[in-house]
Amino acid sequence: MAAFILNGSEVALDLPDHATLLQALRGPLGLSSPRFGCGAEQCGSCMVLLDGKPAYACALGLDAVAGRSVMTVEGLGSAEAPHPLQTAFLAEQAGQCGYCLSGMLISAAALLAANPDPDEDIIRAAMEPHLCRCGSHNRIIRAIRRAAREMAA
Amino acid sequence: MSHGFGAALKVDDGKPRLPGSLHLNRRLSQWLHFRADGVVEVKPGKVELGQGILTALAQIAADELDVPLERVRIISVVTPESPDEAVTSGSLSVQDSGSAIRHASADARRIFLSVAAQRSGVAFEAVTVTDGDFIGPQGKIGSYWQFAEAGLLEVEASPDARAKPASARRLVGISAPRRDLPGKLRGAPAYVHDLRLAGMMHARVIRPSVRGATLAALKDGPLPGDARLVRDGNFLAVLASTEWDAEAAAARITARAEWHEADTLPEQLGLIGWLRDAATRGERKITAERTAEVPAAAHRFKRSFFRPYLAHASIGPSCAVARFEGDQVEVFSHTQGPYNLRADIAKTLRCPLEKVIIRHMEGAGCYGHNGADDVALEAVLIARAAGGKPVRLMWTRADELGWAPFSPAMLVDIEVSAAADGSLLSWHSEVISNGHSGRPGRSPVPTLLAASHLAEPFPVQPSINPPLAAGGGAERNAIPGYQIPDLFVATTRLLDMPIRTSALRGLGATLNVWAVENVMDEMAALVGEDPLTYRLRHLEDARGRAVLESVAAMAKWTERAPRAGFGYGIAYARYKNTGAYAAVIAEIEAQDRIFCRRLWIAADCGEVVNPDGAVNQLEGGAIHGASIALVEEVRFDRRRVTSDSWDSLPILRFSEVPKVDVALINRPEAPFLGAGEASLAPAIAAIAGGIHAALGVRPWQLPFSPESIAKAG
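Residue numbers (the numbering used here), protein chains in the order written: chain S, 1 to 153; chain P, 1 to 713.
Hints were generated in silico from the structure; no laboratory data involved. Incorrect hints may have been included.
To be verified - Lysine to any residue pairs mimicking SDA-like chemistry, simulated, CA-CA at most 20 Å apart:
| hint | chain 1 | residue 1 | chain 2 | residue 2 |
| --- | --- | --- | --- | --- |
| 1 | P | 15 | P | 162 |
| 2 | P | 659 | S | 128 |
| 3 | P | 659 | S | 121 |
Same shape as in the complex, but just chain P:
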């Protein structure tokens, strides 16, 4: 598909509307395959990122088909057979893929039952399904497995198929255990890192000494074992039969390479000034505008909020295996978007799409666009020199933390006014940021790291923002969910991109939700109102109110008593303004630095497929948010990213992680809303509220480190 944003953007192509990704991948056989041995293969185009999506999708299919979960086998994405569901991102997998699989399964069930009913002369309505067997009034009249080879699914899905009513579902809504955990807990091969192919060689990349450096000279010298250099312009790698020789060879090449260097990065200490300056050359768009005549304001203030570059910081460095057979290359990758990756590899190699096959395998959790796609292209580039042998390339920790795309630094200015009683009158905000998507597959030139390092380099394109209909990027959640008569939001996308940026869990919401919620807190304080009450009276959406009221009850918000050194904050957002609702209360403790001790979350994710899976995501997202709030910041000098180890890029450790309680408001009749990102930004905002409650200051820059607190007013 051309736009690459998946089903999130509804395409008006004149065809009857089908749910989720089924609309663009209409053939039932793309999604489902029954086997004579009693197994149904379900083929989503979304991929497992550690979020448990494959378990949830199996539940949806099994429920709709009336087969036990054990009969469902999920086939991981492989191009070109799997449906193209673009990127697994944006908390859209259950919406896009789950809706498609539910409808496809309902349609498949209808087709199979019709055939069985017709052949046996039994009325369609009289047939039931038990364990995949079709039972008529006189007994069994067939099964999915019996008709498996009949080609019944070689048709387009019918828009008329009807999924079961919510009340008839048995497997959706239960906490089925994760299908992948038993193997992972035995230490079985689970990730692309664990793939072992016959004759497989190992590779390492030697990065330019600093960003933008070009190779000046490379001294000759021996390499360990059978290691050899692979070079294309400024892209240097080594290839060896063993991992230890590849690693040792990379160290030697690093020591022998001389690079032309220059300052290409802004001063970190002057980053805010740099953002404002770059904004004068940026692309400004109006995100929302709603004008109204408003009475004279009694209260008015203007605030700015800043966020540094953030790293995905996956625990496993990115890895890929690539193998050429003639001019065709097969790539094993933990990409989030197999078709998008295929497109950019083909662009880089200047070959037809069909010459690139992507096979998805799991990696460590990515939390957005990390190095997964970059390493895949690099493995391909190196495999060109491997004579048909498979090449496994694993990034180093420094590659992952120093060279993967980062979530951009951002600045938001908000000017707000309210009547004497605190009722909001106007809200004007300006968001400044690089684009939040440098994902492959969406630009005429490849966006992958090595593409700009080749002898014939591709230019680096400034990253884009997904359209607002898909949730936006920098502007994500910049539009408050509260009632405001006079609203204006503009977003400036920077076209200078000294540091490559792309999507990280929450995108711009990480900053925008905190900024909005901070303004709500501050206005509430100005008129002497409780932050919860103040939010509720500006919030019309009943589901939003319900999560706020629910979290307040869980944490006993109204009964909270002042406690020296501790503070409580509350925050709310509906993710992307169209996704899941989440409200969070944070308990923080102020010592020499800030600790978050507890988080309470209430969330409404619409229909919940797997409650424990949703809770796990919400819990993990909030801890991720706490880590961003308290300790995370990508650091750089004028030439290179310096926070390229866990020492220099800390994330929360066990002793610092808050306890988390989650309440889900399940709405079985409502559409799926996703769960993976909803709690992250509200957790940050709630922590900021807690800091104010404990210390009386409102920090305006992330992370809420002692330096940030010292600057807070």
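Isolated chain S (complex conformation):
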């Protein structure tokens, strides 16, 4: 049995050792935002915040998150009260297929929490673990800068 905090609420699951956090989130926990991309910590599609830091959910076992806090895009904001990053990504139309965006939002949220005014090079470095195949990178960078401005205002 592994118990942890998911998007602010306590959850407890009893799953075999070979189940990953990503499978638990997408399976019994019913979430869609963390997405499977590679299962090998190489693309960032599955990124979640683990105690506020980006972590690959595809490679974590449930024992690794026991007693800790996990946040996904569902916990970042809602339709009624979106996170400034969600608003900024929409304003910049920063996405095409969108498959990578959950992971992007997660790492961007961690970045802005640690550095409220990152320059472009810092943003690129923070987003380096994330692959986007549609070529939305520049829009994503603009959206993160826009969110930083909104959050500072």
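Here the structure of chain S is known, so what remains is to put chain P in place on it, guided by the hints.
Frame of chain S, contents of chain P only:
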């Protein structure tokens, strides 16, 4: 439809010509459905691939019908109800589907207004439409919603319907926000991967150890949870109630399976030789021939250009859900061609088409024919053993990068001659490549991966090239858009196909545009002329000239100054020679390897429905091109594709992605030309030009890696 290439090929069936896909799907009710609750359903046969097509199509319908965008609901493709628009590919969605929806909407508007005018005794010309309400001189006389149930659309579209003039459009030409992004940014279910059906089981496929392997032995042993093996010949899969058990079971079966293996792939290092050798057994066709008496040449050279196999490399692995009810199967798929997929599943199951229902749901961007169709058939094969329960099959990363179809390796030889002043006299080229389409639905036997692995296997057919009228495949953009009196282009399609090939964004243009543009650069240099000036004097098409001049102005081409370690290149193409015009300037930086730092793009896509959407596509296409130019190459040994992870198949990451500026030349009165692929190949060519400007060498093989640069002359 039989050819499966959609409206791109005009069918002469004796019927009055209707725009785009409306010609082959003539009933208005196939496209539009008004509801009494104030919603109009628009039913395109094209599908959302992440390119924003559904937003653009909603704009076209809303504008023509005079309803706000919010009243338009797009119905994703489901067979057999949706119009058959063949495949969503070739940057043809706005041409095929947008033209059809515009005409159908104009016709529907005319029909509804006529009925309202007749019933109320008001002159047709006196009626206007506001928010779907029909307003006569005395006020409201009806609405789309009021007549929704009257069956008014159960007619064939009239060829006489007239869409609004460009000047009257209000919603086409604005950057309406993407309809799908808000949900995706909340992490809401959006993809077939997110589909959850009651009782749904999870599956994984166990691939043959190498290509062409046959199962020799499978040791017995326990499987985790309720996982069980599903086998049909060399097609092995596991089925379990949970994803983790399916995955663990697949690992155990992999370890227990023994395969008969043999070398079936060429030596990667000898790929060029292999292409030339296979070409002697290939099918050679003349692509273009224009003979002319030309004066003696002062300049002449011959060059060869090579491109490796390329991967689509979608970020989300392919996925499908299939469910049997009796002998009928329902498939949820991110296919680009729902009807084509239906055909190949039916062929594989040897059942009537009607027994297969395809429901389109989004996947990750595919950029062409990736594993989407293959995984759909595999989900169906596994679902046969699931007793009516839905089966979700998701490929692994290694499946996607190792087993999806690839864009073929290619070789182009060009021999060119010019007069003393550099004017081109002759151009002879030979394109060698496997076919660029192994899409389902076009061959008597199924082309899907698992079909050749079954106990009763279907033979693997060598891939084909779409006809030149549809843009061609290997020969796409092999015919230069420049003035050349003596022109000869031939294309050899290989009939040996050791690695399954199919369509990837740009098809043969990826290589051909770079080859053509490289030759233009080299000839310009030979006569001491600026690459831009040289192109302009060989280019008659005013729209082509306009994009070149526009991009040159954006990037301040004529003012560029030499800068150590940096170089600028320029390139141009009209995609498929019939589609969008794009000119690109690249700034590259040569360090221990080549980086592309900036791209400027000017494009003419004809009438632009959604400018920001078009810019997004052009920007993304150019970054895709930069990635192909600099780092991408499918790798293999004699038995298997080895580049099956992001480590071994890198694509550009954030730190390597160039900044991109895009200028659109909008032509509201001109036909739609598409946007998704136009910038990709010119970006590659412009990067090659930049490399020459920085380093003085012209690479002749993709990707422009340090090895490629070292071999360049």
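Here is what the structure says about each hint:
no., hint, result
1, 15(P) / 162(P), "18 Å, holds"
2, 659(P) / 128(S), "15 Å, holds"
3, 659(P) / 121(S), "12 Å, holds"
Consistency note: the structure conflicts with none of the earlier hints.
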